[in-house]
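With the sequences and hints as input, model every part of the structure.
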Amino acid sequence: MSEESGAEAGSDQRFLPYHEPGVVDILILVSFFTFLWLAEYISTKFIRAGLIGLIAVGIIYGQPLANILQHDWQETFLYLGYIGLILIIFEGGLTARLDLLRANIGLSTAGAATGVTFIIGAALSATSLGTTFAVIAGASKTVDLSQTRVGAVLVSAAVIDDVTGLVMSSVIHDLGDISSGGESLGWLIGRPILASAAMAILTPLLSKFALAPFFRKFLERRFANTYLFTAPTCGAGTSVLFGAFLAGSFLSYLPSKHPEGPFVVLDREEGERNKDKSPTFIHTFEYYCLEFQKFVLEPLFFASIGFAIPFLDLWTGSAIWHDVVYTLLMLTKFIVGIWIPIWASFTKPSAQPAGEISGSRMENAVSGDEEDPSAAAQTAGRAAQLKAAISPGLLLGMAMVARGEISLLIVEIGYNNTPYVSRAGFLTAIWATLLNTILGPIAVGLLVKRNGEAIGKGDWGLVKGPNQEMEESRNGGA
Numbered sequence: 001m002s003e004e005s006g007a008e009a010g011s012d013q014r015f016l017p018y019h020e021p022g023v024v025d026i027l028i029l030v031s032f033f034t035f036l037w038l039a040e041y042i043s044t045k046f047i048r049a050g051l052i053g054l055i056a057v058g059i060i061y062g063q064p065l066a067n068i069l070q071h072d073w074q075e076t077f078l079y080l081g082y083i084g085l086i087l088i089i090f091e092g093g094l095t096a097r098l099d100l101l102r103a104n105i106g107l108s109t110a111g112a113a114t115g116v117t118f119i120i121g122a123a124l125s126a127t128s129l130g131t132t133f134a135v136i137a138g139a140s141k142t143v144d145l146s147q148t149r150v151g152a153v154l155v156s157a158a159v160i161d162d163v164t165g166l167v168m169s170s171v172i173h174d175l176g177d178i179s180s181g182g183e184s185l186g187w188l189i190g191r192p193i194l195a196s197a198a199m200a201i202l203t204p205l206l207s208k209f210a211l212a213p214f215f216r217k218f219l220e221r222r223f224a225n226t227y228l229f230t231a232p233t234c235g236a237g238t239s240v241l242f243g244a245f246l247a248g249s250f251l252s253y254l255p256s257k258h259p260e261g262p263f264v265v266l267d268r269e270e271g272e273r274n275k276d277k278s279p280t281f282i283h284t285f286e287y288y289c290l291e292f293q294k295f296v297l298e299p300l301f302f303a304s305i306g307f308a309i310p311f312l313d314l315w316t317g318s319a320i321w322h323d324v325v326y327t328l329l330m331l332t333k334f335i336v337g338i339w340i341p342i343w344a345s346f347t348k349p350s351a352q353p354a355g356e357i358s359g360s361r362m363e364n365a366v367s368g369d370e371e372d373p374s375a376a377a378q379t380a381g382r383a384a385q386l387k388a389a390i391s392p393g394l395l396l397g398m399a400m401v402a403r404g405e406i407s408l409l410i411v412e413i414g415y416n417n418t419p420y421v422s423r424a425g426f427l428t429a430i431w432a433t434l435l436n437t438i439l440g441p442i443a444v445g446l447l448v449k450r451n452g453e454a455i456g457k458g459d460w461g462l463v464k465g466p467n468q469e470m471e472e473s474r475n476g477g478a
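First residue of the sequence shown: 1, per UniProt numbering; consecutive thereafter.
You can take every hint at face value.
If you anchor each label on the Cβ, the simulated ranges turn out as follows:
no., residue 1, residue 2, range
1, ARG382, VAL30, 53 to 63 Å
2, THR142, LEU80, 28 to 38 Å
3, PRO17, TYR79, 16 to 26 Å
4, LYS217, ALA66, 51 to 61 Å
5, ASP99, PHE292, 29 to 39 Å
6, HIS19, VAL463, 52 to 62 Å
7, PHE311, PHE46, 15 to 25 Å
As a list, the in silico DSS-like pairs of lysine-lysine whose alpha-carbon atoms are at most 25 Å apart:
no., residue 1, residue 2
8, LYS387, LYS449
9, LYS464, LYS449
10, LYS449, LYS141
11, LYS45, LYS141
12, LYS464, LYS141
13, LYS464, LYS387
14, LYS294, LYS449
15, LYS348, LYS457
16, LYS464, LYS208
17, LYS294, LYS141
18, LYS348, LYS464
19, LYS45, LYS294
20, LYS45, LYS449
21, LYS141, LYS457
22, LYS457, LYS45
23, LYS348, LYS387
FYI, nobody ran anything at the bench for these hints, they're computed from the structure.
Just so you know, even glycine gets a beta-carbon here, dropped at the ideal spot from N, CA and C.
Below you can see the structure in the form of structure tokens.
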């Protein structure tokens, strides 16, 4: 009787029986995370692109090669990794310099439009936003690229390209509805475009004219010594990733920037120490989420990209030469970087130092050449301005090359959900995505390692933010 009742209970259990995990399973998981951290450290140390090592470990431990991890684990890590991607982009929105984004929106739009134009297929039209934030965060230990002018242009262009790719993925996913008598083609394409455009337009308008004034007037003082975390939402066909970036930007805009405002602090400790102050939203995010995101969720995201690469199928003769040619074609997105020298050539050069102007006058007097000093100074200034724009242009072009998760998402949808992508086309797109995602961050890392400080000090480099100005004023007053 007891055995029958035990069998009945076992067949209708409403709980997960707790048991001791096997030693082998524990060792596999420990080794997986250990190699993730080790691979990231090595690739960051030598090529300043830690994501390359993470993708390689994902390929080895996942289904493409050794298949050491159980399939259920890989599925779980994929979901956890996607949460990591959302947090990466949310953090990017929190730390984004909205003043720089707004000041360079024209240049960013031109670069994004050029990047989308130089494509062969929707899968490789988008720059990976997650990869972009990961690259600019880890490329340099001395220069915070997110606070530079070129970094703001890169983020804006990547967001626009990313939204374009995500809209295309939504359209491709729903293409089957047309043949089955579902939605019309116009609405199928228009719905995600309208949703993304509405979010992009309404979010800053509501923030500036409604939500931010309301927050600053009625809520800001009450938020001192409290913490807030907002989860982005998505709907109507737009992307949760785009929503994450907008949510982060929205939160960074809400508090007032007045020096006496509750959220205007130099660091988290000052916000916690003073009764009338509060840590900023980015300080709160760093305190509660950053470590777990950096050491667990972010590595899982890039490892999950490795899970999705059919590595062994790529190594056939016909596939390799197709893929190399296709990759070279996709490297043309590097042309986006040309917009920075072009923009610099149409920008009025900054005033030349007095010593240089007097020196040029002296040379003209000695040689007997009569030349307008102001014209000579302007010519020299423009030449110096163009020269200073070369490295930032290279940085922008190289960073826009990486395709990453968005490309994999689109090509997987096209291959698995529609009849329009052949296996040969699928493998070619995977190859091109893999090589571009590897080559772009490596090139950025090497460039920043060589010229990072020069970029940070140049015309396209670091721009003082409110906290820096406040710190300088405090130090000056002291």
